[in-house]
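Enquirer: As you go down the protein sequences, you meet chains A and B in turn. Here our numbering is used: the first residue of the first sequence is 1, the next is one more, and so on. Here our numbering is used: the first residue of the second sequence is 1, the next is one more, and so on.
Some hints here could point you the wrong way.
As the list claims (entries may be wrong) - Derived SDA-like pairs (lysine to any residue); straight-line CA-CA distance at most 20 Å:
#1 A:K247 / B:T57
#2 B:K18 / A:G65
#3 A:K247 / B:V45
#4 A:K247 / B:V48
#5 B:K18 / A:I130
#6 A:K111 / B:K18
#7 A:K77 / B:K18
#8 A:K77 / A:K111
#9 A:K111 / A:T47
#10 A:K111 / B:P28
#11 B:K18 / A:V48
It is worth saying that the hints were derived from the structure and are not from the lab.
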Amino acid sequence: MQVRGVMKGSETDTFNTSACCCHRAGTRLWPLLLVGFLLLSSGVSATVLPEDRTDLMYHSYDGGGVTVTGPALLVRKSVGDSVSLSGRYYVDTISSASIDVITTASPYTDKREEFQVGIDYLHGNTLMGISLSSSKESDYLADTFNLNVSQDLFEGLTTVTMGYSQGYDSIQPINSTDQHDINRYKYRLGLSQVLTPTVLLGVSYEGIAEEGYLNNPYRYARVLGAFVPEVYPGTHDSQALAVRIMKGFSSDTRSVGESVRADYRYYRDNWGISSNTLLLAYQRYFANRWLGEVHYRFYQQSAASFYSDNFATEMTYMARDKELSAFQSNSLGVKATWRLPSGNYFFIDRMSLNFAYDYIAFDYDNFTDIRTGQLYSFGANVLQLFISAWY
Amino acid sequence: MSALLCTLALMAGCAGVKSYEREILADPIMSFTRDPLSDTYLNHVYDVREAARGATTTDGGGCGCN
């Protein structure tokens with residue numbers, strides 16, 4: 001079983017912010033700007049509650065000897081003009097004979113269930129939301145609290161978001177009486193900006209800190225070819241900064257027929273890993289009731305400082321988790337949405353049927369398939385079928 | 001903080017998009033999170049197989065295991 005660590009201690013390292021014309025004014029200026037923003041935000045309200053909507057999905061992942069399937073459900077309904085309630089149920093039914101499993105253990109099956117409930121409250125141009133989620137599988141429990149606040153400014157041209165999450169994981173390895181814990185903390189800051197009538201810009205930052213038992217109790221490192229238990233550091237700090245932009249194309253000023261999107265994310269952590277993620281997408285309406293999308297995603301990362309395919313000597317920290325090795329992945333995906341004709345569906349205003357498929361190719365630079373002695377690579381098929389309803 | 005607020009002020013000042021000019025921006029095809037459940041799922045698929053995490057269009061939560 002893959003057990004990924006989730007969060008840690010305190011944030012000590014931040015991205016450099018770009019120089020600004022006002023930077024030299026230092027802390028004397030920002031209270032004045034804050035007052036100005038509050039005044040501006042009291043103008044025309046553009047903030048709305050999330051849509052009343054339900055999605056019911058079947059999902060499937062098949063790749064590298066691992067099959068994960070299951071249903072997922074998301075329900076959201078407003079209560080009055082200022083409150084929206086949401087609930088999410090998600091299931092992973094796992095059958096794993098991954099390369100880690102078949103070279104050091106036996107294939108297994110497992111099931112993960114996740115519940116999440118949330119409430120959003122709208123007050124003026126401010127939307128506040130809290131949610132609680134709980135995830136359970138045979139050897140892993142995780143509980144998370146999320147808090148998000150978003151504020152519209154400049155008559156809705158700018159939206160600033162802030163978020164905080166705190167989580168607690170409990171791990172009890174199979175055939176062991178040991179219990180391990182992980183504490184995690186997430187800090188989010190985001191900005192959405194209308195640049196022109198057809199261009200949107202988004203910038204987001206997230207710092208994640210985690211502490212506790214971060215390694216996988218079932219995975220082994222290699223020292224001169226011999227398998228030894230992995231040992232990870234007890235803390236893990238990471239930061240990610242993403243920029244995304246969307247451009248719409250239309251033949252008039254009131255409707256849009258197609259759009260292109262580009263996302264870039266830079267990531268780094270105190271385990272020595274840095275990564276780059278690029279997403280390009282094209283969407284368009286066609287044949288009256290269809291919305292189609294084609295997207296390409298590139299991902300590349302460097303290896304953790306304590307990763308080795310085969311250590312020459314025993315070290316304090318040792319990992320041979322392929323997710324901590326140097327690798328890249330290329331994904332190509334399509335998505336099609338069919339909007340049902342308007343009609344009487346009881347209390348439902350409109351519905352859509354959706355199909356999405358992604359193929360992901362993983363190529364590892366320093367993780368060897370010890371059965372063949374060759375560098376490991378594999379492809380994965382990711383399928384989603386879901387129905388959406390608005391009411 | 002002051003740098004961020006200054007940047008926001010400059011960007012908003014440059015934008016100058018009137019309310020009646022935002023019909024295109026309200027179309028689902030212009031949303032970064034058109035299908036929230038689908039986005040959450042796909043982010044989860046990548047999250048458990050890559051070291052990078054965070055700064056996606058969906059909130060995290062639950063466990064990172066799979």
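Enquirer: Evaluate each hint against the coordinates.
Expert: How the hints compare with the structure:
no.	hint	verdict
1	A:K247 / B:T57	holds, 17 Å
2	B:K18 / A:G65	violated, 53 Å
3	A:K247 / B:V45	violated, 27 Å
4	A:K247 / B:V48	violated, 30 Å
5	B:K18 / A:I130	violated, 32 Å
6	A:K111 / B:K18	violated, 50 Å
7	A:K77 / B:K18	violated, 30 Å
8	A:K77 / A:K111	violated, 28 Å
9	A:K111 / A:T47	violated, 39 Å
10	A:K111 / B:P28	violated, 34 Å
11	B:K18 / A:V48	holds, 18 Å
Checked against the numbered hints listed earlier, the structure breaks hints 2, 3, 4, 5, 6, 7, 8, 9 and 10; every other hint is satisfied.
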